[in-house]
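Each chain, written out:
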Amino acid sequence: MFDQFLLICLFFLALSILAALYRVIKGPSTPDRVMALDNIGVNLIAGVACLSILLRTHAFLDIILLIGILSFVGTIAFARFIERGVVIERKRVH
Amino acid sequence: MVFLLLFMIFLPFIFAILTPFLYKLFAPRVHTGWFVAIVPLSVFVLLLQYIPVISNGQTIYQSVPWIPSLGVNITAYLDGLSLIFGLLISGVGFLVVLYSIYYMSKEREALHNFYVYMLLFMGAMFGLVFSDNILVLYVFWELTSISSFLLIAYWYQRKNSRYGAQKSMLITIFGGLAMLSGLIMLSMMSDSYNIREILSEVHVVTESPLFLPAMILLLLGAFTKSAQFPFSIWLPDAMEAPTPISAYLHSATMVKAGIYLVARFTAVFGGSSEWFWIVSGVGLITLVYGSINAVNQKDLKALLAYSTISQLGLIMSLLGLGSASLYFGNGDESTVYAMAIIASMFHLINHSTFKGSLFMVIGIIDHETGTRDIRKLGGLMSLMPISFTLTIIGSFAMAGLPPFNGFLSKEMFFTSILTAVEQPVFGMKMFGLFVPIIAWIASVFTFIYCMILVFKTFTGKHQPEKIDKVAKEAPIGMLIPPAILAILVIGIFFFPNVVGKNFLQPALMAILPIHSEGVGLTIKAWHGWNTELFMTIGVVLFGSIMYIFLKRWTVLYHFFPKTLTLNHLYNQSLEGTEMMSYKVTNKYMTGKMRDYLVYIFGFMIVILGGALWLSDGITFLGSNQAGVSIYEGVLLGAMVISGFAVLLSKSRLTAIIALGALGYLVSLFFVIFRAPDLALTQLVVETVTSALFLLCFYHLPKLRKEVSRIQFKLTNAVISIGVGTVVTLLALAVNNHRLFASISNFFEQSYTLAGAKNIVNAILVDFRGFDTMLEILVLCIAGLGVYTLIKLQLAGRDRKE
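One line per chain: the protein sequences are R and Z, in this order.
Read in order, the letters of the first sequence are residues 1 to 94 in full-length UniProt numbering.
Read in order, the letters of the second sequence are residues 1 to 801 in full-length UniProt numbering.
Hints in this document: simulated from the structure, not taken from any laboratory.
What you were told as hints is all true, and nothing was included just to trick you.
When the alpha-carbon atoms are kept at most 25 Å apart in a straight line, the in silico DMTMM-like pairs for lysine to aspartate or glutamate are as follows:
#1 Z:Lys757 x R:Asp62
#2 Z:Lys791 x R:Glu89
#3 Z:Lys583 x Z:Asp595
#4 Z:Lys551 x Z:Glu465
#5 R:Lys26 x Z:Glu686
#6 Z:Lys650 x R:Asp32
Next up, chain R with everything else stripped away, as it sits in the complex (with noise of 0.2 Å):
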């Protein structure tokens, strides 16, 4: 019964990583596809941790972690690049 409820968990997570995708592809702007791949990072920490439940392992919560931080620092530096051009700036020669 509870396997069944994760599984249609990782049924929807699974739709909203494909209508993410769409705006990925679509999305007219890089912001929003931006936004969309940060989205597909929260929906891959869910389904992993659905995932880890149905596998009935404790193994792999340092994967949700890591997406978290992966998709965290990569939004972040996409914001920056959209901002001003490059990621990792030079220091000003005073």
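With chain R held as given, fit chain Z onto it using these hints.
Same frame as chain R, now just chain Z:
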């Protein structure tokens, strides 16, 4: 006396080391040649002491281990044959060194180079004729090739010298390598490296299937070295060497190394019809070819070169004829054929004497007039009387006239040829009649060029305006060496049996062991009115007539097409092979990575696929397959889609993203297959690589930012599908052929053995920590590499300066 002979072989090498120091110390006060002359003289004196021993039928054997585990020893084996050669090398060597002291200027020439090369050659030649071990023999054989190469190109500033040196190098080394394989075959057949032991195993060798290949390869070596047809072309070009070298190497010693080899191995291969026909046939062809070509030469040295070729052919054909003696075993026929061997050895000695002296005289003419061109010379008789006398002695000996030694050996040559007709062997009946005719024609041409050599140079009108120097007689020191040889030429005619008893009989015993007693032979200058004498008279008459009408018929030479000459063929083939390899290399070395990958993958398909197919390895669906769950199916579908997206995407950005997606899907695979560590790493690495790809994409030059699909190419499609199929098949086949249980059970004890609950990490840092260390190293190197690539822009920095 122990090992004295061996020491003598190495004396020239020791002296070759000392020579540059002597040169530095004494040049230009004392001519370096004076020191060098000690070497051949001492060897000559030593060898003279052995003559009584050898002529009694004894032999001397000295051996020092070199590579004992392989049975390679440095040996000195002295019998009649090697004694003749040893004396020739040391005797002519001494005279040539003496001559070179006056010929080579001590102020202008690099004498240390000259004498070092010459001593190297001398030592190599001693080693060659005294070696009993075939591998050591080969070592010295190649050393003669190399030192000859150095000597031909002694004046390396000249283009012709370099060309001649390269040509002789290519041809003789080619023959040398063929000979090496022949020698190895011989040692395989007889299971020994020593010639004497091989001789005791002759019956094994004769019955072996390798007999014929070994013979042909060995003969290739001998023919290239001794300038036999068609390998004779290097010898005329080797005339670019200084004249002492031409006299020494290219008339008296090195070109006879092939003769020595044939003589040495006659006892092994002789007695078979192949050996008989190849050796005597090639010899006769060379004889005719050399003599006909010699007539047409304008350069005196080239004339002598062709005459050397022709005379070497004569000696070779005699050796071939004589080998029939082994076929008959003991008996009268055998003795009659053995005469040919004696004749060949006799002519070998005679040829060395008169040809050495002729070369030296030509050198004198060149030295004193500044030219060797027949068309510019003439009327030197009264200006250079001694040189004229020496030339007459040498030339008439070469033409085979009495009272010179060439007459005797020429008569013996005719005798042997006629014997071969009277007592035919190996199907001689068919061609037997041609052989004396060919020999006779060659003798006529020999006579003609000998007359050209004498009369075109010394008689006629003197043309001082055509030559650079004022012609005068050479200094006495330069005349002594050829004079000594000329005295020998006459001396041998009057006392031939001294040579016969002391040298020819022991040599015959060495070449044909069946005649261990020797054949009671006396060489007579006058042997009655017989066919041989009439042949000689015919040669003189006919030759004189042809010489008188020389201008009438030499035009015939112009009709011979230039494209058919051997030199032309050699040049063409050299150019052709160069062009062809250039073309072939250019054809497949395109410089395009794509083509090389095509080759690599193509080979992979052919070899892996072929091996799979031939070994019946293509099997699927064994009992080892696990079931497929729905997650795996869905993931696989997603991966296939993203894979195709990479291939078919229009822009590169999409391809990068699809590649990233593929990477993340792989990490999901790791999740499903319960490999959390792998999944973690895969995620991080995929992120970083995607970011790097994006970086590369962003920095593409604007001009080249193509937004186009990958072009479809059929080869690529076929190859990629092929590789995919082969690898898939291989993976499936591997899964079906598990031969052993896996060793993972051992690693399940990681907690008890290593105190770690995480097996993967325990393997990485404990069980197999070495791999991890090296992978860390790989990452370090990659990091440093990237850093240096970015920071160290040497090319750009140079451009700024």
